[in-house]
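Peer 1: Take a look at the letters that make up each chain.
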Amino acid sequence: MSTQAIAAGLAGPEATTPRGDGRVGPAPVRIVVAYGFWLFLLSDIIMFSALFASYAVLSGQTAKGPSGHDLFELRHVGIETLCLLFSSYTCGLGVLALERRRLTFFYMGFALTFALGATFLGLELSEFVGLVARGAGPSRSAFLSAFFSLVGLHGAHVTAGLLWLSFMVAQTAARGPRDFVRRRLLCFSLFWHALDIIWVALLTLVYLMGAR
Amino acid sequence: MEHYVGQHVGSIDKAPGVGEQSGSLATYTAGLGFALLLTGASFMVSQTNLLWPPGVPAGLAVLAIAQMGVHLVFFLHIGTGPDNNNNVLALAFGLLVVTLIVAGSLWIMAHLNANMMPASAIMEMQR
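First to last, the protein sequences are chains A and B.
Per my numbering, the first sequence runs over residues 1 to 212.
Per my numbering, the second sequence runs over residues 213 to 339.
Each hint should be verified, as a subset may be incorrect.
[Unchecked claim] Taking beta-carbon pairs under 8 Å as the criterion, some of the chain A residues facing chain B (in silico):
#1 Ile31
#2 Tyr35
#3 Leu42
#4 Ala50
#5 Phe52
#6 Ala56
#7 Leu74
#8 Gly78
#9 Leu85
#10 Ser88
#11 Gly92
#12 Leu190
#13 Ala201
#14 Ala211
Source of the hints: derived by calculation from the structure; they are not laboratory data.
Since this is a predicted model, take the numbers as computed values, not measurements.
C-beta: ideal position from N, C-alpha, C; glycine also.
Okay, chain A solo, but in the shape it has when bound (with noise of 0.2 Å):
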């Protein structure tokens, strides 16, 4: 780091330590844990790839049972997919407005990410609810087999995530915009964007191409 740039304060709190010979001390902790969860991130998306993989071999099964092209309602799924896309959205600007220390606004963020997030999960649900009545559960085939792996396990990780954004939200009441509780809402911010990169492959194979 340049002197000048220490001198004229421009480092911040959580700018690299200088050492005092012109080289710089470890990374700062945010940068270190943002960078931990992204790894995680990547693992997590190697874990989909290995159902993902699983689910273009099985789509073909379907025992004499339904296809896709008879199961999948796509305005249905479109409603699913504009609702993760805008949580993704709010979320964004939420951990926005608490970087800038506009509470309201992070509150209204992540309100809306909830109430969105929920809305996608119980669009979900009741798409399977409406596919074990019609005889179409997991029992059914191997390509239902593989989508209800898939697709519920997507389902499982926006649950996870649901939690996880309450104890945020309940965090910050408590203990305020703090360095932890900032950098645990960033890894949150992240893992929500990422369920909606999966999101994005799993419209795309299962259901868009599915449905045809």
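Based on the hints, put chain B in the right spot on chain A.
Peer 2: Frame of chain A, contents of chain B only:
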């Protein structure tokens, strides 16, 4: 701020989503706009005959990959700057593993299917 420091030294790293200038209302809104356009295009391609029908899966794959790129850049702030090297390298390794798992499974299973005796012939042999 990290960006400012990074410009001077070049050895200071950035993490996904970190950085004052990388995330702003305009970035997120632009990302949302691109994502909406690409999602709309995906639904349109899959529901109409706008594209030559055998090319539709390829078209959908291209649109999906483009949208994932938009999400990475605008929401997760994975950019191409020198302070973003670690993040991009980790992403590249993740993509390599994902490609190996997905393409490898499809390749192997397609060949297994091709080499498999039809079920009726197996039944015949068991008599």
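Peer 1: All the hints need checking, so say for each whether the structure fits it.
Peer 2: Consistency of the hints with the structure:
1. Ile31: 4 Å, holds
2. Tyr35: 5 Å, holds
3. Leu42: Hint holds; Leu42 (chain A) Cβ to chain B Cβ min 4 Å, cut 8 Å.
4. Ala50: Ala50 (chain A) check passes; min Cβ-Cβ to chain B is 6 Å, inside 8 Å.
5. Phe52: Holds, about 6 Å.
6. Ala56: For Ala56 (chain A), the interface hint holds, since the closest Cβ of chain B sits about 6 Å away, which is under 8 Å.
7. Leu74: At about 7 Å, which falls below the 8 Å cut-off, the nearest Cβ of chain B leaves the hint on Leu74 (chain A) intact, so it holds.
8. Gly78: 6 Å, holds
9. Leu85: 6 Å, holds
10. Ser88: 6 Å, holds
11. Gly92: Given a least distance of 5 Å, the restraint on Gly92 (chain A) holds.
12. Leu190: 5 Å, holds
13. Ala201: Status holds, d = 6 Å.
14. Ala211: This interface hint holds because 7 Å falls under the 8 Å limit.
Checked against the numbered hints given earlier, the structure satisfies every one of them.
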